[in-house]
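K.L.:
Let's have the full structure, built from the sequences with the hints guiding it.
There are 2 protein chains.
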Amino acid sequence: MFKKRDNIREVEEGKYLSPKFDENGLIPVITRDSKTGDILMHGYMNEVSLKKTIETKEAHYWSRSRKKMWRKGEISGFFQKVKEIRIDDDQDSVCLSVDIGDGASCHVGYRSCFYRSVPLGKIKNDTEIELEFKEKKKIFDPKKVYKDEPNPTKL
Amino acid sequence: MFKKRDNIREVEEGKYLSPKFDENGLIPVITRDSKTGDILMHGYMNEVSLKKTIETKEAHYWSRSRKKMWRKGEISGFFQKVKEIRIDDDQDSVCLSVDIGDGASCHVGYRSCFYRSVPLGKIKNDTEIELEFKEKKKIFDPKKVYKDEPNPTKL
Numbered sequence: 687m688f689k690k691r692d693n694i695r696e697v698e699e700g701k702y703l704s705p706k707f708d709e710n711g712l713i714p715v716i717t718r719d720s721k722t723g724d725i726l727m728h729g730y731m732n733e734v735s736l737k738k739t740i741e742t743k744e745a746h747y748w749s750r751s752r753k754k755m756w757r758k759g760e761i762s763g764f765f766q767k768v769k770e771i772r773i774d775d776d777q778d779s780v781c782l783s784v785d786i787g788d789g790a791s792c793h794v795g796y797r798s799c800f801y802r803s804v805p806l807g808k809i810k811n812d813t814e815i816e817l818e819f820k821e822k823k824k825i826f827d828p829k830k831v832y833k834d835e836p837n838p839t840k841l
Numbered sequence: 687m688f689k690k691r692d693n694i695r696e697v698e699e700g701k702y703l704s705p706k707f708d709e710n711g712l713i714p715v716i717t718r719d720s721k722t723g724d725i726l727m728h729g730y731m732n733e734v735s736l737k738k739t740i741e742t743k744e745a746h747y748w749s750r751s752r753k754k755m756w757r758k759g760e761i762s763g764f765f766q767k768v769k770e771i772r773i774d775d776d777q778d779s780v781c782l783s784v785d786i787g788d789g790a791s792c793h794v795g796y797r798s799c800f801y802r803s804v805p806l807g808k809i810k811n812d813t814e815i816e817l818e819f820k821e822k823k824k825i826f827d828p829k830k831v832y833k834d835e836p837n838p839t840k841l
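Top line first, the protein sequences correspond to chains Z and G. Residues 687 to 841 in this note's numbering are what the first sequence spells out, letter by letter. Residues 687 to 841 in this note's numbering are what the second sequence spells out, letter by letter.
Among the clues, some could well be false.
[Claimed, not checked] Using 30 Å as the maximum straight-line C-alpha spacing, the simulated DSSO-like pairs for lysine-lysine come out as follows:
(1) Lys721(Z) with Lys808(G)
(2) Lys701(G) with Lys823(Z)
(3) Lys823(G) with Lys706(Z)
Hints are computed from structural coordinates only; laboratory data are not their basis.
P.N.:
Take a look at the structure:
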């Protein structure tokens with residue numbers, strides 16, 4: 687339980703944490719590299735994982751594909767040490783700044799999950815918008831690290 | 687329409703944009719300041735607003751509270767010029783880098799929506815977790831800028 691959301695002014699300008707969880711009990715989380723400022727991943731937390739993250743200073747998420755709490759790095763070893771947590775104006779999203787050392791955050795093997803950019807400007811054919819790879823080198827080989835774990839990506 | 691998501695390897699390692707919209711037709715969006723790297727806001731786009739953003743290079747979101755597409759800045763004048771769009775590994779979230787000049791992104795008046803931090807460590811009383819204000823000065827007075835517009839924050 688957190689402080690009840692009973693007043694918009696309190697939620698926006700007040701001093702108490704009153705996060706809003708969505709209809710599935712989740713709040714979206716932006717995770718950035720505390721050293722470079724790069725965006726590493728976008729995830730979700732439920733109430734338990736948010737509290738666990740605050741108390742342990744290690745990022746814990748809710749895995750929507752595996753339907754369970756997930757201590758980031760529990761399989762890969764790439765833990766995230768939390769340096770700062772921020773909450774937004776209406777308290778329905780969270781931003782973590784984390785230290786991942788020389789590690790990676792992306793299950794595909796890149797440092798950041800956001801390794802591809804979308805070209806800007808007039809769209810000629812929306813079924814063939816070509817992405818540009820901004821990270822070219824993987825930090826690890828996911829086959830070696832995750833072995834027989836199912837891929838969390840869903841179509 | 688975008689390229690069909692029919693193959694996990696293509697979604698993760700392929701070169702085509704195949705975003706995944708949730709059951710409400712939305713994809714979450716992280717917006718960061720292209721100059722400072724600071725996180726400015728967390729929002730949502732539908733297919734139309736994502737395409738509009740790509741083509742116009744101005745951020746367009748889906749407002750869940752007003753239930754309509756929303757060109758950021760249409761009321762406040764604080765437009766967001768899009769410098770880069772990235773998509774994540776499983777293509778279910780987007781990150782924009784935007785130029786907001788000397789403006790603001792937060793309807794409460796701060797430059798960033800993430801103006802408060804959550805203290806780390808043992809939680810003594812979960813209904814009274816005290817936030818710390820990291821931005822102390824508002825960039826604008828929301829009463830003057832938004833006048834009679836309804837507040838988008840929902841309890």
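K.L.:
The structure should be examined with respect to each hint, and the outcome stated for every one.
P.N.:
Now the hints, each set against the structure:
At roughly 25 Å between alpha-carbon atoms, Lys721(Z) and Lys808(G) fall within 30 Å of each other, so this suggested pair holds. In summary, the hint linking Lys701(G) to Lys823(Z) is supported, as the alpha carbons are separated by about 16 Å, within the 30 Å threshold. For the given pair, Lys823(G) sits about 25 Å from Lys706(Z) by alpha-carbon distance, which is consistent with the 30 Å threshold.
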